[in-house]
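Novice: Sequence:
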Amino acid sequence: MNSRSANNITNDFQHEARILNSIWLITALGLVATAGLAWGAKYLEITATKYDSPPMYVAIGLLL
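Numbering of the sequence shown is given in the UniProt record's numbering, commencing with residue 1 and proceeding in unit increments.
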């Protein structure tokens, strides 16, 4: 009976670790994507003052 309880506790910790690892992975991917979009916008010289430029429409379309 005692080992079954220990296995349940171990499984709970493994499950929690997987959830936390997933959260970290999603956060890291979001940061990388944001940095990539910022670099791409800078590379294409897209700024907030250039809303009428075609690259801005492409960037908005890709974000949607």
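Just so you know, the hints here were simulated from the structure itself, not pulled from any lab data. Some hints could be false.
Cβ-Cβ distance ranges computed for the label pairs, FRET-style [unchecked claim]:
#	residue 1	residue 2	range
1	Thr10	Ile60	47 to 55 angstroms
2	Glu45	Ile9	17 to 25 angstroms
3	Val32	Gly61	15 to 23 angstroms
No residue lacks a Cβ here, since even glycine has one placed at the ideal position from N, Cα and C.
Novice: Now tell me, hint by hint, if it's right for this structure.
Specialist: Right, here's what the structure says about each hint:
Evaluation of the 47 to 55 angstroms hint for Thr10 and Ile60 yields a pass: the beta carbon distance comes to about 48 angstroms. Distance hint for Glu45 and Ile9: a CB-CB separation of about 56 angstroms, inconsistent with the stated range 17 to 25 angstroms. For the hinted restraint 15 to 23 angstroms between Val32 and Gly61, the CB-CB distance of approximately 21 angstroms keeps it satisfied.
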